[in-house]
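Q: First to last, the protein sequences are chains A and B. When the letters of the first sequence are read in order and numbered with this note's numbering, they come out as residues 4 to 404. When the letters of the second sequence are read in order and numbered with this note's numbering, they come out as residues 33 to 310.
These are calculated hints, taken from the structure and not from any lab test. Keep in mind it's a predicted model, so treat the numbers as computed, not measured. You may find that some hints are simply not true.
When the alpha-carbon atoms are kept at most 35 angstroms apart in a straight line, the in silico DSBU-like pairs for lysine-lysine are as follows [claimed, not checked]:
#: 1; chain 1: B; residue 1: K110; chain 2: B; residue 2: K120
#: 2; chain 1: B; residue 1: K110; chain 2: A; residue 2: K243
#: 3; chain 1: B; residue 1: K36; chain 2: A; residue 2: K250
#: 4; chain 1: B; residue 1: K66; chain 2: A; residue 2: K243
#: 5; chain 1: B; residue 1: K120; chain 2: A; residue 2: K291
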Amino acid sequence: MLTMIKKYFSSIVKLDNYVLKNKIFQSIFSAMQDALPILAIDVYLRLFSNLFLTPNALFPVIFNVNGPIFKYQMLIAALDIGILMIFAASLTKKYLKYRGISENTLPILTNFLATYFLFTINTQSFVRNVSQYLVVTVLTIISSESYYQYHRLFKKNNNLFAVKFLIWSGFIFSLYFFLQPYVQETSLQLLISNMLSSNFFTTFLGLLIVGFFSPILYWLGLALPSELSSNQTTINAVVKNLDVILKNFHATLPYPENLYSVYSSFSLLGGIGNTLAISFLLLFMSSKQKQHLGMLSIIPSLFNNNQLLYFGLPLFLRPLMLVPMILSSIVGIAVGYIAIAIHLIKPAALIIPNNVPNLLAAFLGSDYFPSLIVVSVVFILTLLIYKPFIEVDTHEVENEK
Amino acid sequence: MRNKLIIIFSFILLIIIGIFGQNWVTNTRTTQSKIQTSHMSPIILIPGSSASVNRFDNLLTKLNVHNQHHDILKVQVKKNNQLVYSGKIRSNDDQPFIIIGFENNADGYNNIKKQSKWLDIAMADLQDRYHFRNFQGIGHSNGGLIWTRYLENYYDADNLNMTTLMTLGTPFNFSESSSQRRTVMLKDYIEKSSNLPSSLIMYSIAGTEDYTDDGIVPVQSVLAGKYIFQKRVKSYTQITVSGDDAQHSSLPENKEVMRLIQEHILSQTDNNDFRKPK
């Protein structure tokens, strides 16, 4: 058994090494690093807003004080798009450098602006889920590759902004313009959202499926519905539980195991994939770079935002990270479900304040202290799952140096 | 060293959030339980423009003579959002009357917008005090416009359940006598009518003195309410009353109106179905 695990682990490391050596993936990961500073501003601004400034900010709510309310969601939404624009610009630069093209001002500008239009044209709501990293990555690479091929046709031209290149730029803008309704389309999110409202996702199998697929979808860089990342309180089973418990606190709940009581409380510690353990482990890694990432990401992770890890480590498209993300997510589901099913703990059914760390969700949602012990067990298990992977990752970085 | 400090800081932060969060959850649960299990279903009345919280005194006195005695609470909302209460409600009164008036009780769409916001403040405070979920509304004249704007913009169906709304001589198209000429307010109300609660039972009562108006409000303006409510709420009923007290200002004292209130609003105490949350 142990040999088999070692064999699988070694295959994953090999695959990850292969990906890390691939020039296209190198360009993607390097571009993500470039977007890290603006992402850090975005993440901390959002955190500060969620904790202190929005109408339902955590601290004014739990301390019962009326703090000043600032509505700068538009600024945060603009920063979200800014991150994608910088990522697209940087990816264009790195990709074309790998392709041996140094005159890259026009394609960088084109992809930078086209990414902006992709998420802003024809949309009534500027504030929307724009975490479509896969779409931006694929489109930017297609655009950059097309520039490379086009550029080869006119080797002797020295004018970067010659009409023929402007024609290419115009074509890319047209392509993005044509694609923007499909990119802004939320039908996949709505479909998943509708599926999750089914009572099937109150069964062990249903919850395991969610625990398995949500890290994969996240890892792939697809925009997910809020039920998978933050808010499960609108799901029918959760509403029915709340109705029952408000009438009689000691009544038997119709759906004790559901996305709120199991998935959110035990499988979203630090965000999708139980990634709080990663921030924690990074603090103790030998690499200074990794330690800094751990320190930068731990407080946002505590409040369920793992975007800094997503870009900084990165989690996005890294084979090495997918396996522990799935394992941690499933382990969280299994432990939480069993603990509730055998009545070791009470299921979370009560409404808790917005933006509370998910580490406390099981305890606050059930008003039952032993839930914290089960959450601690899950957290320790996720530390054990992530540890070898993070160590390998740190080792790879050091070797690179 | 720094990593240990950050872990200690995170731990302390978790303990603080845990303690205060638990306190919040307990308080919220208690309040929501009271709301969920509350038997109180007040009748909330809003007077028209220029009228005070005493506008319905005659009507309520007469209703209390004919029916079981219900307590009367008056709430005036000041311009600075402060609430001034007078009267009281017994804990065993399931259907008290609550009158909400405004210090700024002036006419005009801009004032109606402000008054709707003040109504929302008053409703939140009343729910905090009396923990009701179900209620019925009566609005005289512009009071009906304030209710409508409140329902479209502020009403939260998760916390409240308005079962019945009765408007008396409410000019949904202001003083326009033709439904072809829609005011900005009517257009706004129609545009947001999808926000109206689908379980609401609505009665719009018009008065006529001379086939065209009730002395102040054109009948056509009252009838324009159908463009807002019809097919959006559970049922919309238009009733026209005439006779001696059918003049706009006398509508709350009109015998037919009193009978309609007794029949459609007060009688609901005997019907438990309306208490069920949506």
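Q: Take the hints in turn and mark each one as holding or not.
A: Tested hints:
Simply put, K110 (chain B) and K120 (chain B) have alpha-carbon atoms about 19 angstroms apart, close enough for the 35 angstroms limit, and the pair holds. The suggested pairing of K110 (chain B) with K243 (chain A) is violated, with an alpha-carbon distance near 39 angstroms, which exceeds 35 angstroms. Restraint check: the Cα-Cα separation between K36 (chain B) and K250 (chain A) comes to about 45 angstroms, which exceeds 35 angstroms; the hinted pair is violated. Between K66 (chain B) and K243 (chain A), the direct Cα distance comes to roughly 17 angstroms. Compliance with the 35 angstroms bound is thereby established for this hinted pair.
With a C-alpha separation of about 67 angstroms, the suggested pairing of K120 (chain B) with K291 (chain A) is violated against the 35 angstroms cut-off.
Taken one by one, the earlier hints fail for this structure at numbers 2, 3 and 5, listed in ascending order.
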